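Starting from the given sequences, assemble the full structure and let the hints guide the process.
Those protein sequence lines, which keep their order, are chains D and F.
Each step along the first sequence adds one to the number in our numbering, with nothing skipped, and position 67 is 67.
Each step along the second sequence adds one to the number in our numbering, with nothing skipped, and position 23 is 23.
If you're looking for bench data, these hints aren't it; they were derived computationally from the structure.
Keep in mind it's a predicted model, so treat the numbers as computed, not measured.
Accuracy of the hints is not assured; some may be wrong.
[What the hints assert, rightly or not] Taking lysine to any residue and the SDA-like style, the derived pairs with C-alpha atoms no more than 25 Å apart in a straight line are:
1) D:Lys157 <-> F:Glu192
2) F:Lys169 <-> F:Glu194
3) F:Lys168 <-> D:Asn152
4) F:Lys169 <-> D:Thr34
5) F:Lys169 <-> D:Ala35
6) F:Lys169 <-> D:His100
7) D:Lys157 <-> D:Asn291
8) D:Lys290 <-> D:Val442
9) D:Lys31 <-> D:Val17
10) F:Lys168 <-> D:His355
11) D:Lys157 <-> D:Arg294
12) D:Lys290 <-> D:His355
13) F:Lys168 <-> F:Phe149
14) D:Lys31 <-> F:Val165
15) F:Lys4 <-> F:Thr48
16) D:Lys157 <-> F:Gln193
17) F:Lys92 <-> F:Gly17
18) F:Lys168 <-> D:Ile7
19) D:Lys157 <-> F:Ile155
20) D:Lys290 <-> F:Gln193
21) D:Lys290 <-> D:His100
22) F:Lys168 <-> F:Glu194
23) F:Lys169 <-> D:Leu156
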Amino acid sequence: MTAMDLIVILPELILVVAGCLALVVEPYLKKDKTAAVTIVATALVASGAVAFGLAGETRAAFGNMVVLNDYAVFFKVLFAVAGVITVLMSPRYLAAYDRHLGEYYALLLFAIVGMDIMAAARDLMAFYVGLELMAVSSYLLAGFFRYHARSNEAALKYFLTGAFASAITLYGLSLVYGFAGATNYQQIGQALQATGNTTAIALATALVVVGTGFKVSMAPFHMWTPDVYQGAPTPVAGFFSVGPKAAGFSAILMLFLTVLDVSRSTWSILFIVLAVLTMAVGNLFALAQKNIKRMLAYSSIAHVGYLAAGLGALGRADDDLAGQAILLYLAAYTFMNLGAFAILACLKTQDPAGHGYTLAEFAGLARRAPWAAVLMSLFMFSLTGIPGTAGFIGKFYLFNAVVRADLAWLAVLAVIFSAVSAYYYLRVIMYMFFREPEREYVPREAIGGPLAAALALCAAGVIFIGLLPGSLWDAAVSSFGNFFG
Amino acid sequence: MAEKILFIIFASLAVLGALGVITRTNIVHGLLLLVFTFVNVAAVFLLTQAYFLAVIQVLVYAGAILVLFAFVVMFLNLKEFHQLEQLHGTQKWAVLVLAPILLAEIVVVVAGATWTSVGAGITPDAIAAQGGNVRVLGITLFNEMLLPFEMASLILLVGMVGAIVLAKKEDGASMALRDWTGDEEAAQAVVEQEV
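The following block contains the structure:
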């Protein structure tokens, strides 16, 4: 190991040090946890900034175990942004539940370290420990409200399904290791090119697709998602819907394009089938939800379906268009989905005992809390994919890439399902603006401070990407396809 | 010669200890005999110059795993275990069939692994030329595998933090689920509460 190796993992080192600092200062803080929040938020900003500053060059470290190239930088910055927004969402919400502990922020940082390593890994060993670091931290975050039965349920379900998913992924990867005799992505790729796409490699591919599909909640492996999102603390649920999902996709893209490139035909078919299923399940089940938090969980499944269609297109096409569109979509999705969850966190913070996330409670919100209603509408429009918002740009590039890969029918299906999704997204807006509330609501004090900052960040991201997607698209283009060079 | 005598002493003590573990009805005696067996096996490893395995044997088996067993014994408040009464009759016959199969499997796997590694040029001489098992393992662990190794330590840290977060005793823990037991309606309210 040299100093050069440490520069490559500098963004993660910053987060690890800050996480440990948060743990150390926690016992000295009384009710006011501002110090811990400041440390963590600063570290996330610094980590993202350092990663951004190191862009443009490819640096390998630890014997080619991790690299820092534009692809890793793209995801590290994305994770840092998602982390900052989650951290800003959390303080008031946790304080309302009397569970405002420094450990929460430390676990969040450690999860992001795992995600960073997943995106930067070029070796199965590094990938797997990154995955587990993210997963173990996530299970704990899901169960952070230990006095609430739903939170306990969420943690247990997440842990059990997550452990199964890890085991299945690992079994597939062990088969790959058996055939290739190497753990380095590049070496495996070369070794497998020599053997060709045998039945055994197709089996290993299928196992890895199933395992990683579990992690990003593709149907039919999505069962855990609604329960976990409903039971996890709201900021954590928002984080789960964007962070680990984006990390999962970063690893899926890397694994299938470099390690399992030889079985391209197998995995592209698998992803197309999963995409159709996932879009159908996510959108149709979301229609029936009366609980907005569960509805957002199913909507996140639907969005994974669109992304899976992109993966299928990537396997079919000769160019990288679909991969670049997936990166863009993940970035757009981060802002709009975290924003929607931030609104939920805001409403819940105002009324921890009474608010139940039901659709009925959104009736007349526009008069009680105009800002919350306006911002929620923006995020719902964006999730639907209305032009002028980030969601439209994401879908436009993604579906375009799917059409270019000669999968026009799949793109048509995706557009039809997007139209279906308009029903349950716009229904929320309709309730907020045009429905009379069923009962009297006590006027609540507006939530300011960090939560307002989180909402502002999300809204700014949604509008900026929606109106000026050029710079983000350039970043996605330069990030994708340059895995080893 | 001295090594042979020591080997016979430690190996027979290990076998006697293992026999004791499965014949004692007092669980605590069985547990102590298990430590005894582990330490003797570690001594056998030392005699065969497998120093690393000996250390791991003591640290992991005689240390960590035994503490786990002791916890289980304390949790369940076990004192006596009457094997014959608690075993179903048919299980005894299954043991007669399955135990030889297990033994055969172990022999095949160990012999097979030895065969293939010798075939691949990994002989005791080759390992000695590299400086011994501990050295080779250490170099791999702290050079090639340094990053995953350190990441694994981070996972353990997360595990410890999580254990504290989930299990620490708190003041004013009136929201604890256990306090609702007995009052069904209140318990149901907690279960249904959204977070």
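| Structure-inconsistent hints, enumerated in ascending order | 10, 13, 18, 21
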